[in-house]
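Chain by chain, the residues:
There are 4 protein chains.
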Amino acid sequence: MNLVSLSEFEREAHKVLPKNALDYYKSGAGDEYSLRLNRTAFEKIRIRPRCLIDVSNRTSECEVFGVKYSAPIGISPTAMQKMAHPEGENAVAKAAKNQEIGYTLSTIATSSIEEVGQSAPDYSKWFQLYIYKDRGVTERLVRRAEENGFTAIVLTVDAPIFGLRRADLKNHFSLPPHLTMANFTGELATGVKGKGGSGINQYVASLFDASLNWQDVEWLLSFTKLPVLVKGILTKEDAELAVEAGVHGIIVSNHGARQIDSVPATVSCYISAIFYNVY
Amino acid sequence: MNLVSLSEFEREAHKVLPKNALDYYKSGAGDEYSLRLNRTAFEKIRIRPRCLIDVSNRTSECEVFGVKYSAPIGISPTAMQKMAHPEGENAVAKAAKNQEIGYTLSTIATSSIEEVGQSAPDYSKWFQLYIYKDRGVTERLVRRAEENGFTAIVLTVDAPIFGLRRADLKNHFSLPPHLTMANFTGELATGVKGKGGSGINQYVASLFDASLNWQDVEWLLSFTKLPVLVKGILTKEDAELAVEAGVHGIIVSNHGARQIDSVPATVSCYISAIFYNVY
Amino acid sequence: MNLVSLSEFEREAHKVLPKNALDYYKSGAGDEYSLRLNRTAFEKIRIRPRCLIDVSNRTSECEVFGVKYSAPIGISPTAMQKMAHPEGENAVAKAAKNQEIGYTLSTIATSSIEEVGQSAPDYSKWFQLYIYKDRGVTERLVRRAEENGFTAIVLTVDAPIFGLRRADLKNHFSLPPHLTMANFTGELATGVKGKGGSGINQYVASLFDASLNWQDVEWLLSFTKLPVLVKGILTKEDAELAVEAGVHGIIVSNHGARQIDSVPATVSCYISAIFYNVY
Amino acid sequence: MNLVSLSEFEREAHKVLPKNALDYYKSGAGDEYSLRLNRTAFEKIRIRPRCLIDVSNRTSECEVFGVKYSAPIGISPTAMQKMAHPEGENAVAKAAKNQEIGYTLSTIATSSIEEVGQSAPDYSKWFQLYIYKDRGVTERLVRRAEENGFTAIVLTVDAPIFGLRRADLKNHFSLPPHLTMANFTGELATGVKGKGGSGINQYVASLFDASLNWQDVEWLLSFTKLPVLVKGILTKEDAELAVEAGVHGIIVSNHGARQIDSVPATVSCYISAIFYNVY
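Residue numbers (this note's numbering), protein chains in the order written: chain A, 21 to 299; chain B, 21 to 299; chain C, 21 to 299; chain D, 21 to 299.
Keep in mind the hints are simulated off the structure, nothing from the lab.
One thing to keep in mind: the hints can contain errors.
For each label pair, taking beta carbons as the anchor points, the in silico distance ranges come out as [unchecked claim]: (1) A:GLU120 with D:GLN235: 55 to 63 Å; (2) C:PHE62 with B:HIS198: 39 to 47 Å; (3) D:GLU28 with B:PRO197: 54 to 62 Å; (4) C:SER25 with B:PRO197: 24 to 32 Å; (5) B:GLU264 with C:ILE181: 55 to 63 Å; (6) C:LYS35 with B:GLY217: 19 to 27 Å; (7) C:ILE65 with A:LYS88: 21 to 29 Å; (8) D:GLY94 with C:ILE291: 32 to 40 Å.
Think of the CB as a built atom: it goes at the ideal place given N, C-alpha and C, for glycine as much as any other residue.
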């Protein structure tokens, strides 16, 4: 196909994906203003190139938690990847391993922790955690990640409930019947059914713990030996609280602009006064 | 119809409303620059979300003048709603009651104070007041609002004359013959007839009092026991005068950008230097 | 035709004017960036309306050089108006008189000073002056303006040569053969012929005095008893020199963005730092 | 054809050039954001015209290294011009001579130093230099420039490797078979062949010296008697290093936005804080 840029891959995806899945993957919250901002914000950033520096030896390698990567790039956790391709999360994990870049598996994946562990063995994968109301279920997820070669826990902290994505509301988004939330059994595995609205929103509202707070972070830190990162921080205030709580890393993210519209672009938070609340 | 956003409702309205009515409802003054600004100004506002705060118990409830609402949202007074639907203001008042949100009836409604009072009884409705040259007519409106269960008077202060809305000028806007200004009798009820221009502009120019000033606010406060809010304030200077005059509330508004083009967006006045004249 | 805004009149003009004339009237210099800016610059200006001020008596009247106008609005001098309509400058002067607004006749009009003087008698008209290399010709223009009821001289100071307007270059712009520069005889009257380029540019380059400077302003002030305004000032520095030279008025203008592209919008010069060179 | 602006010439070129060549000439790096910025940045620049200054004698002449030019404008070195026309660099050099403006021949031209020297004799032409890994090859280029009437060396300092231009990647850009890099023989002359990607990128990566640094500038200054300019400076820091290195001139340039996307527009670097790193 001779694709040479991300936008060309995206255009191809629009051709082959079923509407239900495509809409789920590509939607942002509300009017999708922040979704657009996530792209246009890059236009405010200027690279100031220096010249006449010997670049015959150059590398984009970096190291995180003692692991070397070929570039400071990783694949963020995204849910239900088998809607796009039968190999789903397994194929993505293998690709990440081949390219030596970061990979994080979503809690609400359509491939299980064990399956992905075997698809990309001997490779440092991270596991993204949603905290279910049922803390036993939650702890078991962490244990399984530890047992299957995952090397860090990425705790999502910006999704006590899910954002309103209008396409999912209109589509009454459901997980296709041949797929399940592969890390679970029973209702937790099959419960994404759009009954007059977005099935994923209803699933999250009934099963995720909306009371999530910093004490839950302490609880998580208390029983896992893996490093814990909190994902979804957008303000300096929360970054400071994260440091105080003793987490091992922060992932600045607006969740692909899928949770709240009018939030700043993720990339802007790294460089702008919005993060520091000094404007 | 499965409509999930305001813009989808708006799109549907464009399909079903007669041109004369649609143009009246959707037009802004002049080039409609401020009309567009009323929407685009939201793009300048950023939400800075905090995370890991227990949100299992959450509410958007608020209280105004001792009355509880389900959300800090209300329906602004808009004129002549029966042009859109036979139930007009009555249906809107009922909907507001059902949703427990604010509702204000326009002076120039196509349903009378008494009718709307009975459509949504036992509910805290407000009444928007235009001051007619005939002060007896004006005082009688306030008395009828008091007698029919309305709990506040919203005095419009930004419309001594009406703005130039080009579509109304071109359409020679008239109230459809089967409708009247239901709060009045005679010429005051049937006088919106476009004779070579906008009928509503001619009605307002001949009947509204263009000499309106802060002494009229004092006059209103002197004879009604209801709280009085002034609607249409856009500057800090006028907000301070309103406080001095003893009103019970201020509604910052640019009148849907229907009065003067090039005014700031309503939402910007809450947060910007334009309001404070310090730029 | 029921036209209710300037843009609608403009749209009609596009339908009826010959291309040669339309292009001449509507073009700006170069890429026409400043031409667009002349409109969009208004979007940066905010009106801050005050309310509850008695506006039952209101007027837009103003007075300039002892003459009353119905509004602070006037018709700028524009060249060769008979290309648009057989009555040309005469019709426009009559309309200005009827509306009691300002009017300035161009030196390079297709109606003569005498003709326009008679078309709108007993009315305060101004005369716009280009200084020809032949000072005798120039002085005679001023004398004729004085003798025909014109009450001020508007000296254009931003056109020692004319700007490059691409449509005129492509059209090889010529004055239509049935028209002349009506204030002149011979070559000065008929010399706008596009010989492989813009005829008006060639006319100006051969006949206008590109050495124009402040001493010429003094010369003009020395022999006319009419007030003299300089038109085309865009900077504080030149405004100050104009005051020192003793002129009676300044017209801030970028010449409809027809002279130099990338100049600021005229309206911006009244309110922005560009004029004051302090940015 | 009656073309009166650069954009019209560009439009014509789009009609006549083969896709492979057109894409090569018009592409910028990455998303081409800086390519667009190279044009739109001019919209931020305002000309503040002064008036009433005698401009009857005016000139755009300027002098560089003791040579007079008709205007402070020159033709930047661009590669492989025979893809556009059989006369290629020779025609462009002749045109520059005729117009008395600057001209710089590219190292990777499709016409040789000797050919262009004879096409535009007795005229001050500059030679743009890429430093090949083979320093003997590089020095010989400089000697040939000296011997063929070139009067300055323009050392490109922003291209140790070439930027990713997506159209070239998709086209597998190759130099058309009837053309060669005319300043070279063997593989250096014919090596631009797109084997599964951009041929020019592969050529540059294999032959240009990516270790280029300020010591190479000193090396160049040590053996040529011609003035040396460094082309591709975008920061104040590098400009200062260039002065310290003793070069005779600096050409501020972002290489037509062909090397790195998100760099500032060239024109902005002359006037903005980006250059000075003070924002």
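Status of each hint after checking the structure:
1. A:GLU120 with D:GLN235: 55 to 63 Å: violated, 34 Å
2. C:PHE62 with B:HIS198: 39 to 47 Å: holds, 41 Å
3. D:GLU28 with B:PRO197: 54 to 62 Å: holds, 58 Å
4. C:SER25 with B:PRO197: 24 to 32 Å: holds, 29 Å
5. B:GLU264 with C:ILE181: 55 to 63 Å: holds, 60 Å
6. C:LYS35 with B:GLY217: 19 to 27 Å: holds, 24 Å
7. C:ILE65 with A:LYS88: 21 to 29 Å: Roughly 57 Å apart at Cβ, these two residues miss the hinted range, so it is violated.
8. D:GLY94 with C:ILE291: 32 to 40 Å: Because 39 Å falls inside the window, the suggested range holds.
Checked against the numbered hints above, the structure violates hints 1, 7; every other hint is satisfied.
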